[in-house]
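Given only the sequences and the hints, what does the whole structure look like? Please build it.
Residue numbers (the working numbering), protein chains in the order written: chain A, 1 to 301; chain B, 1 to 507.
Worth flagging that the hints you see were computed from the coordinates, not collected in a lab.
Keep in mind the model is a prediction, meaning the values are calculated, not measured.
Each residue gets a CB set at the ideal place from its N, CA and C atoms; glycine is no exception.
Heads up, a few of these hints could be off.
Claimed, not checked - Here are the simulated SDA-like cross-link-like pairs (lysine to any residue), alpha carbons at most 20 Å apart as the crow flies:
hint: 1; chain 1: A; residue 1: Lys-251; chain 2: B; residue 2: Gln-89
hint: 2; chain 1: B; residue 1: Lys-373; chain 2: B; residue 2: Tyr-227
hint: 3; chain 1: A; residue 1: Lys-191; chain 2: B; residue 2: Arg-9
Said to hold, decoys possible - Derived DEER-like restraints, expressed as beta-carbon distance ranges:
hint: 4; chain 1: B; residue 1: Gly-5; chain 2: A; residue 2: Arg-282; range: 18 to 26 Å
hint: 5; chain 1: A; residue 1: Arg-149; chain 2: B; residue 2: Lys-410; range: 56 to 64 Å
hint: 6; chain 1: B; residue 1: Gly-5; chain 2: A; residue 2: Ala-160; range: 30 to 38 Å
hint: 7; chain 1: A; residue 1: Thr-225; chain 2: B; residue 2: Leu-142; range: 38 to 46 Å
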Amino acid sequence: MIELTNTTSAEIAAEFVRARTRSGSPAMGMVLTVIVAVREDDATEAMAAAQAASREHPARVLGLIVGDGRGTSQVDAQVGIGSGWGGETALIRLRGEVVKHAESVVLPLLLPDSPVAIWWPTDHPADPAADPLGRLAQRRITDSAATTRRRTTALERQCAAYVRGNTDLAWTRLTPWRALLAAALDQHPIKVVAASVTGERISPSADLLVAWLNHRLRVPVTRHTSAGPGLTEVVLQSREEEIRICRTDGKLATLHTPGAPDRPMALARRGVPALLAEELRRLDEDDIYAETARHLVRMRS
Amino acid sequence: MIVAGNPLRDPRDRRLPRIAGPCSMVIFGVTGDLSRKKVMPAVYDLANRGLLPPGFSLVGFARRDWADQDFAQIVHDSVKEHARTEFRQEVWEQLSEGFRFVAGDFDDDVAFDTLRRTLEQLDQERGTGGNHAFYLAIPPGLFAPVIAQLKEHGLAEGEDSWRRVVVEKPFGHDLDSARELNDVLGQVFTSGSVFRIDHYLGKETVQNILAMRFANTMFEPLWNANYVDHVQITMAEDIGIGGRAGYYDGIGAARDVIQNHLMQLLALVAMEEPPSFDAESLRLEKEKVLSSAVLAKPLSRSTARGQYDAGWAGGEKVEGFLAEDGIKPTSTTETYAAITVLVENRRWAGVPFYLRTGKRLGRRVTEVAVVFKRAPHLPFSELATEELTQNALVVRVQPDEGLTLRFGSKVPGTAMEIRDVSMDFAYGGSFTESSPEAYERLILDVLLGDPPLFPRHEEVELSWQILDPVLAHWASRGKPEPYESGTWGPKSADDMLARHGRTWRRP
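Written out as structure tokens, the structure reads:
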């Protein structure tokens, strides 16, 4: 890591090239730029997660810490190339007037002609696509479950602000559940007349699952509260039978299906790097999330 | 009633992975290397990624006096040592509940009765739904008795359920034996339920050959005899035969590697664009190109073979092939084989495909190099282009998966001086680390019944048809030429290319 104090985007870009040349491999194999808009306290963990995800998707990871807006502008950066992974990273700290123009620092550092993703690990703007940094990106990743402000309505606000390219890790967390439910219904094509979802009191994933099931199955879906962790139970009910998935420990689920013995299923909660890697796998519009988000807003209004 | 299928499924929903339906897998030959190093770890990795169906069960069959727990211990050790993903106790416990072991010989009726009862019990207790895959991780000589037993004990077909059989290379040792083997399998299983595993075809980079060729504009226009001078397909190993003398002696490099891996690579590189990427279209295109492939003649000048001799390989002193344990000093089995194949169609007329493989070569590498013709006119002085050779596009299959493009560039400095430079693409660590191991993908495809990545018996037979004359030719010509371990093969292989003014790439 090279420390650059009171620096500029041009110097950061030059340092990337120098770092690559020093490592003996000036070629770039990176496929996208990931901006991490993060608070000082969460920076280390978030950068580590983004770097882990860039093992699967070699990326230039730009961490951006927006500090105090008073006083003279100053840009500081720690620049490095990955050892053991294919990407590059810069953790950039802004202070003073420049905090209002963060995008001017990032713009010159975007890799040419390749996609840009932005991730807000904790708090995110109310309308990510209208955010000056968010506007630079094709993929805007929020995490309604990790936000520290107005937690109960965070997801609903994200869904209301949905435009093409927005996505939320609460949705990503659902993929294994949705896969298991779809597979169970493949095997036991029961006529579902009602469904229920149980999870922690504040669980954006549970709320999204309710919306998804309600939208796809067009049956009433009830939401129940449990102690967690996360989602704990989903039931699809027909007149006579039911498909039920319970997971009380956040690791192992039990699948109850009609006419078959109860079976355990690995259904571990995934870490943030795995979730990010899934998000970065496809950068085109996620039609199903779009429908689900719009449906959630309709259900609440 | 849900008429239009599962309402939770949507083709636009590309996040949802495919999870196999309820089933079990029976492994014959649980103590072998293949089972312990590849199959069992892959099963665990699939379970860990949540891709195995609930209730999935694994049944071991072997001539050992074991209980279910002993079998579980074997799997446990192999998973701990070889699995790609992290070991998680809860995943292991869930998976191991479905372990069963059946002890017996392959000609033991009682054992196969027990196997049938075990599977029926699994259907009851764990809801495997009568769907069972039989993985024959045993020498091909034992296929016939096992297949016959499966049929005799009513294990080869189920009501409203599937039975599949999985076999590994070698798929025979010549055309006749391949046909025999196929007859043995075909009498009991339909061709759609026979899965031949060629693990190379499960590799991301091999599938990427198709993506590179057919998703891009800039390669395909050059992909023909107008621009391509020749193609080199190499699979080199730095190790010797190790403990596999019993298998290797009498088989040799050509049967072991060229017939399956290299012929499949050739088919993927040379085939025409399929109308779609379903199994049937791919198979048809591969078959088409393999049926236009012929050997260059005369064979004495267009092929080469060798046997490694004692020497120094990578700083280590190693013994020659004939001194290996279990190899007769008079063995004529080749450990290096190179052949020249011509593809007789308009696209490839006159472009030789050089295929080579060997053990104890310079380093471990598998690659396909498409070498282009020289530019028809070079407006530079001869001195300026002295260091410029031919442009090449190299698909690196393993290790260090990726693509290399070699082209001429000006040497920095005052004089006009042009030399070869290489441009590398390595898809980060993703082809090696995060992406599933070939066996995971293939086993999942077996359980899903998805056949695109498995060679069909037609392709296997076509490959043998190409290779058989070489094997016959070599059988009548005494001993292979010795080559020093740690080098790039015998001199005759270099001569084979030198006759046409070409040289092997040093991969």
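Evaluation of the provided hints:
1. At roughly 10 Å between alpha-carbon atoms, Lys-251(A) and Gln-89(B) fall within 20 Å of each other, so this suggested pair holds.
2. A threshold of 20 Å between alpha carbons decides the hint, and for Lys-373(B) with Tyr-227(B) the separation of about 6 Å falls inside it, so the pair holds.
3. Under the criterion of a C-alpha separation no larger than 20 Å, the hint pairing Lys-191(A) with Arg-9(B) is consistent with the structure, at around 15 Å.
4. For Gly-5(B) and Arg-282(A), the hinted distance range of 18 to 26 Å is satisfied, since their beta carbons lie about 23 Å from each other.
5. Remark: the range hint 56 to 64 Å for Arg-149(A) to Lys-410(B) is upheld by a beta-carbon distance near 58 Å.
6. For Gly-5(B) and Ala-160(A), the hinted distance range of 30 to 38 Å is satisfied, since their beta carbons lie about 32 Å from each other.
7. In this structure, Thr-225(A) and Leu-142(B) break the distance hint of 38 to 46 Å, their C-beta atoms being roughly 58 Å apart.
When each numbered hint is compared with the structure, a violation occurs for hint 7 only.
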